[in-house]
Amino acid sequence: MNNQKRLQGCALDPSLSYVGAVQAEKIAERLKSVSFDMAVCSPLKRAQETFARIASLHEDLACCLDERIKDRDWGDLTGGSSLSIDFLNLPPEVESIDSIVSRANNCFNDYFNSFPNGRILAVTHSGIIVNYLALISDTQFRVANSCVTIIKFNANATPVLVLEPCNKHLVIPEFC
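Taking numbering that gives the first Met the number 0, the leading residue of the sequence shown gets 0, the next gets one more, and so forth.
It is worth saying that the hints were derived from the structure and are not from the lab.
Be a bit skeptical, because a hint or two may be false.
Across the chosen pairs, the derived CB separations fall in these ranges [to be verified]:
(1) A61 with D12: 21 to 29 Å
(2) S34 with G78: 23 to 31 Å
(3) D12 with D59: 20 to 28 Å
(4) L160 with G117: 17 to 25 Å
(5) A143 with M37: 31 to 39 Å
(6) N155 with P90: 14 to 22 Å
(7) L87 with V159: 18 to 26 Å
(8) L82 with A133: 17 to 25 Å
(9) L11 with L160: 24 to 32 Å
(10) V159 with N105: 17 to 25 Å
(11) V159 with D75: 32 to 40 Å
(12) D59 with I96: 30 to 38 Å
(13) V147 with N108: 33 to 41 Å
(14) N116 with G78: 40 to 48 Å
Since the structure is predicted, the reported quantities are computational estimates derived from the model, not experimental observations.
Every residue gets a Cβ at the ideal spot worked out from N, C-alpha and C, and that includes glycine.
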């Protein structure tokens, strides 16, 4: 969902808005001292542009684009106002939560298995994160744009939430 409360999903592929670009710069600044072994990113422009800002502060950070962490497919609701949608009675062409969770879980498990001791940056969308967190923690979180969330896979390859969605880096005086 964008700042106009419109459902973007994966069918619309806009670049970051001005606010989104500022948020991406802030998240890049927050993560500049964190070393990553590799990155995985949604193929949508807004995620790639966010990754580019983060990568500009990390020399030689390799990135894989992965369709499994792209935003939800809202079908015919794409571009519509989220304020007028009955989320309990979505049309059948809207991608199910089970589908979102399955593809995100498969993606993250694949990268964990490939880099079991690595630190992986995932640049994705709030809908992916909120649904994945519900799977691994049985808790519903509110996930704002440009949050940092830390998930660690323990020795049993079980994901554990280490840092709940946090956007303390987004305190931008001109928008407060």
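Here's how the hints hold up against the structure:
1. Hint check: A61 to D12, Cβ distance near 23 Å, so the stated range 21 to 29 Å holds.
2. For the pair S34 and G78, the beta carbons lie near 39 Å from each other, so the given range of 23 to 31 Å is not met.
3. Here the CB-CB span from D12 to D59 is close to 27 Å, well matched to the stated 20 to 28 Å.
4. The hinted window of 17 to 25 Å between L160 and G117 holds, with their beta carbons roughly 18 Å apart.
5. The hint said 31 to 39 Å for the Cβ distance between A143 and M37, and at roughly 25 Å that hint is violated.
6. Checked against the hint of 14 to 22 Å, the C-beta distance between N155 and P90 comes to roughly 39 Å, which is inconsistent with it.
7. Hint check: L87 to V159, Cβ distance near 31 Å, so the stated range 18 to 26 Å is violated.
8. Restraint check, L82 to A133: a C-beta distance of roughly 23 Å satisfies the suggested window 17 to 25 Å.
9. In this structure the supplied range 24 to 32 Å holds for L11 paired with L160, their Cβ-Cβ distance being about 30 Å.
10. With their beta carbons about 18 Å apart, V159 and N105 fall inside the hinted range of 17 to 25 Å.
11. V159 and D75 have their C-beta atoms about 38 Å apart, which keeps the hinted 32 to 40 Å range intact.
12. The hint said 30 to 38 Å for the Cβ distance between D59 and I96, and at roughly 37 Å that hint holds.
13. The hinted range of 33 to 41 Å is not satisfied by V147 and N108, whose Cβ atoms lie roughly 21 Å apart.
14. Here the CB-CB span from N116 to G78 is close to 42 Å, well matched to the stated 40 to 48 Å.
Checked against the numbered hints above, the structure breaks hints 2, 5, 6, 7, 13 and satisfies the rest.
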